[in-house]
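Trainee: The listed protein sequences derive, respectively, from chains A and B.
When you line the first sequence up against my numbering, it's residues 1 to 112, in that order.
When you line the second sequence up against my numbering, it's residues 1001 to 1112, in that order.
Simulated from the structure, these hints should not be mistaken for laboratory data.
Careful, some of the hints might be misleading.
Derived list of chain A stretches under chain B, where covered just means 3 residues or more per stretch with a C-beta under 8 Å from a C-beta of chain B [stated by the list, open to error]:
1. 3 to 9
2. 14 to 25
Derived CB-CB ranges, DEER-like [what the hints assert, rightly or not]:
3. S1027/B <-> N53/A: 25 to 35 Å
4. M1015/B <-> A17/A: 46 to 56 Å
5. E1100/B <-> T65/A: 34 to 44 Å
6. M1015/B <-> N53/A: 47 to 57 Å
7. P76/A <-> M1015/B: 41 to 51 Å
8. K1068/B <-> S98/A: 32 to 42 Å
9. D11/A <-> G1028/B: 13 to 23 Å
Chain A is faced by these chain B residues, among others (derived, beta-carbon under 10 Å) [as the list claims (entries may be wrong)]:
10. Q1006
11. Y1031
12. N1050
13. I1055
14. D1056
15. F1065
16. P1070
17. F1074
18. C1092
19. A1093
20. E1100
21. G1106
22. R1108
For each residue, glycine too, the CB sits at the ideal point set by N, CA and C.
So you can see what is in the structure, the chains are spelled out below.
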Amino acid sequence: DAKTTQPPSMDCAEGRAANLPCNHSTISGNEYVYWYRQIHSQGPQYIIHGLKNNETNEMASLIITEDRKSSTLILPHATLRDTAVYYCIVRPGYSGYSTLTFGKGTMLLVSP
Amino acid sequence: DAGVIQSPRHEVTEMGQEVTLRCKPISGHDYLFWYRQTMMRGLELLIYFNNNVPIDDSGMPEDRFSAKMPNASFSTLKIQPSEPRDSAVYFCASRADRDEAFFGQGTRLTVV
């Protein structure tokens, strides 16, 4: 069962904001939304995570809807180096034993 | 910290040979994960350890695959005998309890 739904691909112009959507309509109350990305030929890289409040760090912002059924990852000023596959993952936060299950993600292509 | 270190980065072997992949997790992390990535199946969790103890190996595809973690700073994933369908990129990841996971650069395995 896919717990998240993401568009397979998106394009973005360099310098513009990239807004990557994710649907997680069956998310449980104790599940966090995590975002990872994978640049070609590298291992996945953690970006950000949140429970219900919006979050921001040096890499991105995460906007979670009030009903928590969807979220958006925002890269405020995309660069060519942000071209990667972006994975949205829901994961219980209460247990260290919870694992990351990767779907197909969104391939973001940032163009000059 | 140098991050999660995997070796070798590339491995080419003949069908039927034994292959051993190695991983050094980040110091202080008590969870270690082995993933496999292929074009067809994406990123799949094979097995994970907590405090050197295997917790869930349900993702290990066959008895030909085995993983060990003899101490907190070292883990191996062994395939014996190897088959062409085992060709993939194998990632190791580690994390502290309830924290984000850090991935290594992966080992690209080709079985001919």
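Trainee: Quick check: which numbered hints come out false for this structure?
Mentor: Those not satisfied are hints 1, 2, 5, 8, 9, 15, 16, 17.
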